[in-house]
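A.B. asks: So you can see what is in the structure, the chains are spelled out below.
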Amino acid sequence: MAEIQERLKNKAYSEYSYATRPTKFTLFIRRCLLFQIFMFFKLNLKIMMMVVKGHS
Amino acid sequence: MSKVLVLGAGISGHTAALYLKKILGKQHEVIVVSPNSNYQWVPSNIWVGVGLMEPNEVKFKLAPVYKKKKIVYKQALAVSIHPEGSSESEKPFVNIKYVEEGRQGEEEKVEFDFLVNGTGPALNFAGTPGLGPDLFTNSVCTYDHAAHSWKNLEASLKKMENGEHQTFLIGTGHPMATCQGAAFEYALNIAFEVDKRNLSHLADIIWITNEYELGDFGMGGAYVKRGGYITPTSVFTESVLAEYGIRWIKQAGVNKVEEGKAFYELLDGTYHEQNFDFAMLIPGFTGSRMKAFDKTDNEITDKIFVPNGMMRVDADYTPKAYEDWKPSDWPEVYQSPAYDFMYASGIAFAPPHGMSKPMKSPNGTSITPTPPRTGMPSGVIGKVVAQNIAYRIKTGKKDHPHKASMTKQAAACIVSAGYGFTKGQAATMTVSPIVPDWDKYPEYGRDINATVGVIGLAGHWMKLFMHYMFLYKAKGKLGWSLIPE
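Keeping their order, the protein sequence lines are chains A and B. Numbering follows the numbering used here, with no gaps: position 22 of the first sequence is 22. For any residue, its number in the numbering used here is found by taking its place in the second sequence, counting from 1, and adding 56.
A hint or two may mislead.
Claimed, not checked - As a list, the in silico DSSO-like pairs of lysine-lysine whose alpha-carbon atoms are at most 30 Å apart:
| id | chain 1 | residue 1 | chain 2 | residue 2 |
| --- | --- | --- | --- | --- |
| 1 | B | K464 | A | K46 |
| 2 | A | K42 | B | K281 |
| 3 | B | K479 | B | K125 |
| 4 | B | K317 | A | K46 |
| 5 | B | K214 | A | K53 |
| 6 | B | K450 | B | K82 |
| 7 | B | K376 | A | K46 |
| 8 | B | K533 | B | K376 |
| 9 | A | K53 | B | K165 |
| 10 | B | K459 | B | K82 |
| 11 | B | K450 | A | K24 |
| 12 | A | K24 | B | K252 |
| 13 | A | K24 | B | K496 |
| 14 | A | K46 | B | K281 |
| 15 | B | K214 | B | K317 |
| 16 | A | K42 | B | K82 |
| 17 | A | K42 | B | K533 |
To be verified - If you want the footprint, here are the derived chain A segments under chain B, 3+ residues with CB under 8 Å:
| id | segment |
| --- | --- |
| 18 | 25 to 31 |
| 19 | 44 to 52 |
Please keep in mind that the hints were generated in silico from the structure rather than gathered at the bench. Quantities reported herein were computed from a predicted structural model and do not represent experimental measurements. Glycine residues also receive a C-beta, built at the ideal position from the N, C-alpha and C atoms.
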């Protein structure tokens, strides 16, 4: 994505220039296997609980 | 013996049919009428559209599953409903027309005691001149459309490999289209595939949407707790688009498409054009356009369906201003108010109103997403409708012990943002309830602790896991009913 980022960052005052961007740490954590394995189970459990509670 | 007729074999209709047969057993008959010979897991069509899955991986033949489950299956199109029967028939019936090879055009009257209308949406490409895979844009709404999209996308990628610049226009193709989520993930997947091939410098990817703000997704947006702030989904969505190098045009109602050019009106009333080399624009949805007749053959379509063909259920359809919308407007059991033995599930039911605030341009054009009723709520509604019908058949009572209001149901949406076991990622979003309840949750409209918006590899694994899990469930294999909708 580096080339796109480069192209867009020069467009100050465009809508994109006001968008929040992930930091390097955020990008790392998004693909960190250990953390993502934990998230996989956490999110699955959360969704499962929501489905069960969502109808009677 | 009671006869339950299910129209449609999509996520909702198929779920209803499987549960009906499971609960009712051999004593009662379950009949499914669907023109499609295949069941498709629609959320994975995105991956077909970028060439990472074959259509065969997202679909399977319905006939063997129904044969195994002892469900009667007729590959046919429902043409008309006769809830009072006719002068020749006391029982309610549906007229169907076969599309099955060898029986095309053959007509039949299928009688029923209870009806589930799970016909899903009709893709109204004709609602926008020039829209659709037969004309100038692509679609990922079905596996066939998605496979066709991939052929065209592949051609664009080849042109880029030869140094040619390409403009991709992805989004909504009608001022009141819904399913922004599917289009959004297609845009992200295209950006991901372009980047994977080191071709980003030759791509201009544009997200065009009828949303007032990005991240509205037809559900009035949401708020997510993250990074020490309560953040609107517009921030979340803008961030993802900017990260993937995708420009956006919001508040846009596409009203016409020509070869390589889309015409749209903005909410401020101005008219614009956008050139493209490849476009995937979601059409407006309508109901199945079935007609309905009373015992003496007078048309009563308006009594059963709203003008766009979706079925009236136990909702409050009184026209109201946005400020007066209430959770109690939404249906709980999806029963026809006109005929209590008829139900609608999934996209086939008519919502009482939108979830997003209605917006009109100075020219009078409504530019607002219609409410989404995709996978998870469709499956849940299908199950609840089946449970209630089975209860009525078994007990002879008329009440409904099972309820599934979208003002109480939660929903999860996993938006693929790139495919790959270690390189892929997806945005996982959950909201509870689906329809905002500003009385119960005055600050954010929903339970902020149940609302999630995270991006990461885990989301991709979950989407892939759900692909296999829900196809397994839909095939009715061992333990299928233990898997939640």
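A.B. asks: Take the hints in turn and mark each one as holding or not.
C.D. replies: Here's how the hints hold up against the structure:
At most 30 Å may separate the alpha-carbon atoms for a hinted pair to count; K464(B) and K46(A) meet this at roughly 16 Å. Simply put, K42(A) and K281(B) have alpha-carbon atoms about 16 Å apart, close enough for the 30 Å limit, and the pair holds. Taking the CA atoms of K479(B) and K125(B), the gap is near 40 Å; set against the 30 Å cutoff, the hint is violated. Taking the CA atoms of K317(B) and K46(A), the gap is about 43 Å. The hint is violated against a cut of 30 Å.
The suggested pairing of K214(B) with K53(A) is violated, with an alpha-carbon distance near 48 Å, which exceeds 30 Å. This hinted pair checks out: K450(B) and K82(B) have alpha carbons roughly 13 Å apart, not beyond 30 Å. A C-alpha spacing of about 35 Å is found between K376(B) and K46(A), which places the hinted pair above 30 Å, so the restraint is violated. Note on K533(B) and K376(B): the hinted pairing is violated, with a Cα-Cα distance of about 45 Å set against a maximum of 30 Å.
Straight-line distance between C-alpha atoms of K53(A) and K165(B) comes to about 40 Å, which puts the hinted pair past the 30 Å bound. For the suggested pair K459(B) and K82(B), the alpha carbons sit about 26 Å apart, so the restraint of at most 30 Å is met. At most 30 Å may separate the alpha-carbon atoms for a hinted pair to count; K450(B) and K24(A) exceed this at roughly 60 Å. Between K24(A) and K252(B), the direct Cα distance comes to roughly 19 Å. Compliance with the 30 Å bound is thereby established for this hinted pair.
Between K24(A) and K496(B), the direct Cα distance comes to roughly 39 Å. Violation of the 30 Å bound is thereby established for this hinted pair. Of the pairs offered as hints, the one joining K46(A) and K281(B) holds, with about 15 Å between alpha carbons and a cut-off of 30 Å not exceeded. Annotation: proposed proximity of K214(B) to K317(B) holds, straight-line Cα distance about 21 Å (limit 30 Å). For the given pair, K42(A) sits about 40 Å from K82(B) by alpha-carbon distance, which is inconsistent with the 30 Å threshold.
Taking the CA atoms of K42(A) and K533(B), the gap is near 26 Å; set against the 30 Å cutoff, the hint holds. Coverage of the segment 25 to 31 of chain A by chain B holds. Counting CB-CB distances below 8 Å, 3 residues qualify, and the rule asks for three or more. Only residues whose C-beta sits within less than 8 Å of a C-beta in chain B count toward coverage, and the segment 44 to 52 of chain A has 7 of them, enough to reach three; the restraint holds.
Of the numbered hints given earlier, the model fails hints 3, 4, 5, 7, 8, 9, 11, 13 and 16; all others are met.
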